[in-house]
Amino acid sequence: MDNVRVISGWKIVIVLLVLVIITGGVVIGFKYNRGGTIEISLTPEPSPAGEIYIGGEVNNPGYYSIFAADDIAGMIAAAGGITDNAEPGRYELIIPGNGEEESPQLININWAEAWLLESLPGVGPVKAQAIVDYRQQNGPFRNIYEIMEVEGFGQASFERIKHLITVGE
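Take the sequence shown: its position 127, counting from 1, is numbered 121 in the numbering used here, and each next residue is one higher.
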């Protein structure tokens, strides 16, 4: 009998009260948890409405995807902003007709880096670097035909790229 402990009345009340609270929480949790699924919807990325060529006095002329929410300022920013020679607030918009052929974007051999020159047909890393070296030693090209003076370029190389290069406007 020495090992038997007597639990006083208030301790029993506390234990019963805790059990009632836990049981009530479990019952309420099961009653109001309907086990429904959670629906998550992701907004799809908008698809481009078309393409636009941004050229002239911008830092990175070329073709850019255009989206319905785009504005002129955003498109100019995508093209690297305007150059110092640009006339702010004056824009030109040309809509091509059906059947008109798109002319490819010309690469300016007076400022293009070697990696961009490598995109020309028949121009690999060696020829691209030769163009850059020639330009650094002799100054800018005066016309596209002068590229034939670069080592590794002959008439055949020129014929493959002449419709893709420029020396400026």
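One thing to keep in mind: the hints can contain errors.
[Unchecked claim] Here are the simulated SDA-like pairs of lysine to any residue, each with C-alpha atoms no more than 25 angstroms apart in a straight line: (1) K156 x E51; (2) K156 x V14; (3) K25 x Y47; (4) K25 x V14; (5) K5 x K25; (6) K25 x E51.
Just so you know, the hints here were simulated from the structure itself, not pulled from any lab data. No experiment lies behind these values; they were computed from the predicted model shown.
Here is how each hint holds up against the structure:
For the given pair, K156 sits about 23 angstroms from E51 by alpha-carbon distance, which is consistent with the 25 angstroms threshold. This hinted pair does not check out: K156 and V14 have alpha carbons roughly 89 angstroms apart, beyond 25 angstroms. Restraint check: the Cα-Cα separation between K25 and Y47 comes to about 62 angstroms, which exceeds 25 angstroms; the hinted pair is violated. A C-alpha spacing of about 16 angstroms is found between K25 and V14, which places the hinted pair at or below 25 angstroms, so the restraint holds.
As the CA atoms of K5 and K25 are separated by approximately 30 angstroms, the hinted pair breaks the 25 angstroms bound. In summary, the hint linking K25 to E51 is not supported, as the alpha carbons are separated by about 69 angstroms, beyond the 25 angstroms threshold.
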